[in-house]
Amino acid sequence: MSGLTVRRAAFLAAAVACLVYANAFRNGWALDDQGTISENPAAHSVAAAWEARFSPYWPVRDGATAGLYRPAVIMSYAVDWTLSGGRAWWFHVNNVLLHALATALAVLVAAAWLTPAGALAAGLVFAVHPVHVEAVANVAGRSEIMAAVGLLLSVLAFRRYRLAAEGRARTGWLVATVAAVALALLSKEHAVAAAAILALDAWLVRDPARRPVAGPLLAVVAVTVVWLVVWRAVAGGWVQTTTGAALRDLSFGARLDTVFPVYLEVIRLLTWPMKLAANYNPQMIPQRTEFTAVAALGAATAAAIVGLGVASLRRAPAVGFAILAAIATYALTSNLIFVSGTLLGERTLYFAALAPAFTAGWIVQHALGGSRWRRAAPIGLAALLVAFSVRTWTRTPFWRDSRTAMIETLLEYPQNYRAHLQFGRHLDLRGRSAGALAEYLIAGALFEQDPFVAVRSAPVALLLGRGELALAEAERAWELRPGHPAITGLLVSALQATGLEDSALAMARRGVELAPLGYTPAVIYREALRTRGASQWQLALAEARVSWRVGHLATATAALDSAAAWLYPEGGLEGLCWELAELAPVIATLRPALLDRALEVAEEAGIHCEGGLLRQAGGLAN
Amino acid sequence: MSWREIAWRRWPHLLGFGVFLVGLWAQGDALVGVFYDDGIYVVLAKALATGEGYRNIHLPGSPPGVHYPFLYPAALSLLWRLWPSFPANVALFQLLDSAALAVAAWAIALHARRLEWPAAVQYVALPAGFLAFPLLTIVGVRFSEPLFLALWATSLLAVDRDDVTWRHALVAGLLAGLATLTRTVGVAVIGGIVVALWIRRRRRPAITAAVAGGAVLLPWFAWLLAHPGAVDPRIASNYGTYLDAAGQAGTLGLLPGVNLGVLGPLARLALPAVPGIVWYPLAALLLGVLLWGAVSVWRRVPAFALSLAFYVIVVALWPYASDRFVWILAPWAALLALGGGWLLWRRGTVVRWAVAVLAVAVAAGYLPREATSLGGRGFARTAEGISAPFRLLLPSITAETPPETVVAVSDEALVYLYSGRRAVPSHLFRWQGRRTDPLTADESVAYFCENGVTHVALTGPGAAAGPMVRDLASAEESVLESLFQVTSGPALFRFSCPD
Chain C
1 MSGLTVRRAA FLAAAVACLV YANAFRNGWA LDDQGTISEN PAAHSVAAAW
51 EARFSPYWPV RDGATAGLYR PAVIMSYAVD WTLSGGRAWW FHVNNVLLHA
101 LATALAVLVA AAWLTPAGAL AAGLVFAVHP VHVEAVANVA GRSEIMAAVG
151 LLLSVLAFRR YRLAAEGRAR TGWLVATVAA VALALLSKEH AVAAAAILAL
201 DAWLVRDPAR RPVAGPLLAV VAVTVVWLVV WRAVAGGWVQ TTTGAALRDL
251 SFGARLDTVF PVYLEVIRLL TWPMKLAANY NPQMIPQRTE FTAVAALGAA
301 TAAAIVGLGV ASLRRAPAVG FAILAAIATY ALTSNLIFVS GTLLGERTLY
351 FAALAPAFTA GWIVQHALGG SRWRRAAPIG LAALLVAFSV RTWTRTPFWR
401 DSRTAMIETL LEYPQNYRAH LQFGRHLDLR GRSAGALAEY LIAGALFEQD
451 PFVAVRSAPV ALLLGRGELA LAEAERAWEL RPGHPAITGL LVSALQATGL
501 EDSALAMARR GVELAPLGYT PAVIYREALR TRGASQWQLA LAEARVSWRV
551 GHLATATAAL DSAAAWLYPE GGLEGLCWEL AELAPVIATL RPALLDRALE
601 VAEEAGIHCE GGLLRQAGGL AN
Chain U
1 MSWREIAWRR WPHLLGFGVF LVGLWAQGDA LVGVFYDDGI YVVLAKALAT
51 GEGYRNIHLP GSPPGVHYPF LYPAALSLLW RLWPSFPANV ALFQLLDSAA
101 LAVAAWAIAL HARRLEWPAA VQYVALPAGF LAFPLLTIVG VRFSEPLFLA
151 LWATSLLAVD RDDVTWRHAL VAGLLAGLAT LTRTVGVAVI GGIVVALWIR
201 RRRRPAITAA VAGGAVLLPW FAWLLAHPGA VDPRIASNYG TYLDAAGQAG
251 TLGLLPGVNL GVLGPLARLA LPAVPGIVWY PLAALLLGVL LWGAVSVWRR
301 VPAFALSLAF YVIVVALWPY ASDRFVWILA PWAALLALGG GWLLWRRGTV
351 VRWAVAVLAV AVAAGYLPRE ATSLGGRGFA RTAEGISAPF RLLLPSITAE
401 TPPETVVAVS DEALVYLYSG RRAVPSHLFR WQGRRTDPLT ADESVAYFCE
451 NGVTHVALTG PGAAAGPMVR DLASAEESVL ESLFQVTSGP ALFRFSCPD
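Those protein sequence lines, which keep their order, are chains C and U.
Be aware that the first sequence starts at 1, since it is given in our numbering, and climbs by one per residue.
Be aware that the second sequence starts at 1, since it is given in our numbering, and climbs by one per residue.
The hints are simulated quantities; they were obtained by calculation from the structure and are not laboratory data.
Quantities reported herein were computed from a predicted structural model and do not represent experimental measurements.
Be aware that one or more of the hints could be misleading.
What the hints assert, rightly or not - Computed footprint of chain C on chain U, listed as stretches where at least three residues anywhere in the stretch have a Cβ under 8 Å from a Cβ of chain C:
#1 88 to 96
#2 156 to 168
#3 309 to 318
#4 454 to 462
#5 478 to 485
By construction, the Cβ of each residue, glycine as well, lies at the ideal position given by its N, Cα and C atoms.
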């Protein structure tokens with residue numbers, strides 16, 4: 001292609017990236033957009049975003065959030081909101097422009113190994129790749145694009161650093177490299193792979209003078225470490241709350257049984273992404289607890305891809321670089337090293353799409369350079385681009401709004417339990433309880449291993465007066481997660497609603513036993529006692545337990561004193577031994593004398609508690 | 001360039017980066033304020049960040065901060081402004097301390113090149129020194145030592161050179177002045193630099209360094225002069241100026257008590273616990289090797305040698321336990337000991353035997369301690385142990401006392417930081433020579449009443465104020481009403497002034 005320069009190729013690919021998403025401007029807010037943008041006060045002004053610079057990406061709700069920290073993305077939303085007054089189309093315009101920028105940068109990165117034509121082919125494939133739709137057409141996907149922009153910018157800046165003469169310009173490029181890595185890190189967590197990607201690029205695109213690069217790479221690692229420390233302080237504590245449902249409670253081995261087959265799906269999405277989904281929950285991808293042939297195939301294919309990346313480094317560095325960089329960034333969400341929040345998300349493959357794009361570019365360049373496939377290559381590329389573009393164009397409206405996304409997911413993938421759960425929630429919030437309950441029940445039937453479906457279904461069943469159904473749901477959840485505070489509460493409520501108050505009290509006690517340090521079970525038990533009309537001493541001890549578990553030792557001590565005052569042989573001492581056994585450590589810590597007094601009263605009333613055992617439980621001498 | 005040359009060239013950077021990572025690894029979950037000073041630094045930082053000035057805002061009346069020089073709290077205050085959410089922002093403080101220790105490592109490694117000892121001496125001594133578990137304990141809490149060490153080491157880098165000019169001296173003087181603004185003992189660094197330059201007949205640079213160091217300190221002296229007697233004499237030992245403390249102790253009373261065992265903590269760290277008849281000769285041998293190393297470097301790095309000597313002298317005169325002041329010398333001590341040992345090794349068979357015996361003793365004493373401490377994170381255990389009773393106390397103080405509460409407690413800065421309640425020290429004392437005498441119960445009660453104390457907290461039966469509190473609590477018509485008492489643990493009392 002005469003006259004095609006790298007710069008023109010980058011511009012052309014970026015223009016195509018804009019064109020293929022022209023219909024995204026009509027989209028509004030969909031799914032995650034609501035939590036992170038339209039309903040997130042931090043995203044509504046630059047001042048608020050600055051205030052929230054050390055806050056988790058998702059606002060904390062009901063004492064929980066996701067373990068994510070992306071202040072650069074929140075700041076970009078805030079700038080957009082300030083400029084547009086919160087109009088969604090403006091956010092979509094900027095998402096598309098960012099995607100165009102990422103595409104142009106990808107072309108520039110590829111140009112180190114590919115001819116302008118090859119780089120253009122790579123850029124075009126990247127621009128129209130349908131796996132990007134979720135990241136580009138859904139505003140919340142911006143974190144992926146910004147992280148990719150940061151990573152690609154850092155690669156380019158680091159190259160300029162390596163090639164620059166000693167002096168201010170070289171220092172400037174080093175600062176630019178580190179700043180780009182910081183932008184990537186503050187946009188999405190998978191940018192921790194930056195140092196590895198830069199080292200790989202430095203190895204592939206060498207400085208003719210062979211000057212050492214260890215120092216600058218150390219600077220990048222240092223920035224990454226600083227980010228890790230801050231991330232841990234801001235969001236690290238929340239990570240355990242973001243485990244994907246399909247992987248929850250699985251051992252490492254069982255996790256691999258489920259995860260390996262997912263890698264086949266990842267490869268399909270990167271190579272032939274005609275079938276797309278908003279999420280890949282059971283039963284789209286079932287939870288497996290045995291090593292199957294599919295798992296073996298997934299593991300072997302993943303290993304082969306790693307091998308292909310390594311093997312390509314010398315003969316086809318563009319391909320090797322893209323595959324290994326893709327693996328480096330995807331590894332963090334692959335659930336191989338640790339359990340992440342999702343089993344599979346198309347948006348997490350945004351950067352990884354460099355692999356098929358650069359491979360396509362290399363193939364086109366190779367074909368154009370030879371005589372055999374010289375004519376076929378452009379035709380093949382055009383066919384691929386048309387197919388991808390059409391799929392991208394037709395997929396973009398899926399992200400118009402939450403309702404569209406939910407209904408289309410339900411229609412396309414009725415086996416996706418989470419789609420039913422989300423739609424049920426949608427109906428629930430609009431007061432359509434019967435419909436919501438139906439959806440929840442379908443979700444529960446599709447994926448019985450998720451105990452938290454009952455957290456939605458049981459309250460709605462109770463609201464509709466279907467106590468038996470609520471009880472069945474809560475019991476099913478209890479079997480899966482015995483002692484979980486929310487489930488204990490549901491079960492107690494369901495038992496009370498069905499008139500089984502003794503069973504409710506017993507269940508509340510069981511909750512206390514299973515969570516000896518938990519605050520919520522102690523409150524549930526205290527409320528169950530109140531409902532049951534328990535004795536004053538019993539209520540006082542329950543109050544002491546609640547106060548102890550929240551660390552209010554003065555109140556706990558006062559409650560123990562109150563219990564002591566209410567304890568007398570004629571006072572109805574049913575359950576005293578259990579109370580003493582369960583509270584022995586607390587009594588021994590705050591009011592050791594109460595234990596002896598309670599045992600005396602019990603003896604007087606003809607109740608024999610194991611005093612020695614109780615003292616032992618409380619760490620007291622017999 | 002051979003790989004040895006590359007390694008030698010990159011060594012300061014690699015060591016600095018490694019120390020940065022080690023510093024971060026050393027951070028534990030202990031509460032800020034467990035070692036007292038660390039809490040006050042952070043309170044002062046908060047006061048600066050929130051526009052309340054350099055004041056002890058945890059104390060009733062917010063008296064000015066005149067005890068601790070302000071550079072470290074000022075540095076923390078910048079981070080507090082950036083992230084004004086405590087305790088989450090402690091992560092930034094941890095980064096600062098680790099980075100400061102990394103800079104210190106980088107500067108010490110670079111400076112040590114002037115010694116012209118074999119590279120292996122550096123490769124072994126400096127990592128060992130920076131991994132010494134007491135140093136990890138220090139960097140794991142919010143102490144000013146890492147920043148102080150960084151400023152000290154970089155100031156030496158500027159001045160311990162053959163071509164020293166007044167510009168170098170200016171930089172060194174400024175850095176030494178900043179070191180003194182971090183820890184008062186930094187006057188030893190200024191002194192060392194100035195005297196070294198003077199002895200080298202670099203009079204103009206010497207004067208420049210002295211003027212620069214003094215100029216940096218001027219605002220601090222002005223602040224001190226502006227607040228004479230601003231601190232209640234009953235808490236002057238912790239919050240007053242060093243002149244206040246000296247005034248209490250009696251300056252003459254200090255001299256007979258010069259701490260001749262100032263380097264004892266280093267010997268106790270390095271040598272095995274053997275009977276005194278063996279230990280003391282080994283300690284003398286260790287001191288000899290250290291001194292040999294220090295004396296041998298005098299010509300190459302005079303500012304270092306003199307500032308180190310002055311530092312040790314100041315610490316010996318200081319009426320506080322020398323441990324914490326000595327631990328930060330661990331990297332230099334390791335370097336001088338190994339370098340001194342290497343020099344002695346070349347001086348004949350008898351000396352060689354002595355060095356070998358010492359090496360075996362250090363290997364037998366230091367290595368197991370270090371391995372145990374690093375393996376089980378023993379260096380963080382003390383801080384975590386002190387945190388434990390506060391973890392029981394704090395939720396109660398926060399939730400079960402009104403906001404206007406004033407608590408008398410040990411580690412009062414810690415209680416203020418985590419509960420928002422003003423707090424005063426529960427154990428009041430005054431200096432008598434080199435020892436401290438507690439105030440009487442009546443004097444303490446009078447202080448509590450004058451400062452609006454509403455609650456008294458004890459961290460455990462062994463707390464310094466324990467005997468006084470027990471006496472007050474068991475008295476007839478007690479001023480204390482027990483709110484809770486954890487068996488063998490902390491307790492909280494309501495305090496009422498006697499009529």
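Hint by hint, here is what the structure shows:
1. With 7 residues carrying a beta carbon less than 8 Å from a beta carbon of chain C, the region 88 to 96 of chain U meets the three-residue requirement, and the given coverage holds.
2. For the region 156 to 168 of chain U, the proposed coverage by chain C is not satisfied: 0 residues have a C-beta within less than 8 Å of a C-beta in that chain, short of the threshold of three.
3. Counting residues of the region 309 to 318 of chain U whose C-beta lies closer than 8 Å to any C-beta of chain C gives 0; at least three are required, and the coverage claim is violated.
4. Look at the region 454 to 462 of chain U against chain C: 0 of its residues bring a Cβ nearer than 8 Å to a Cβ of that chain, fewer than three, so the hint is violated.
5. Note: the region 478 to 485 of chain U has 3 residues with beta-carbon separation from chain C under 8 Å; the three-residue rule is met and the coverage holds.
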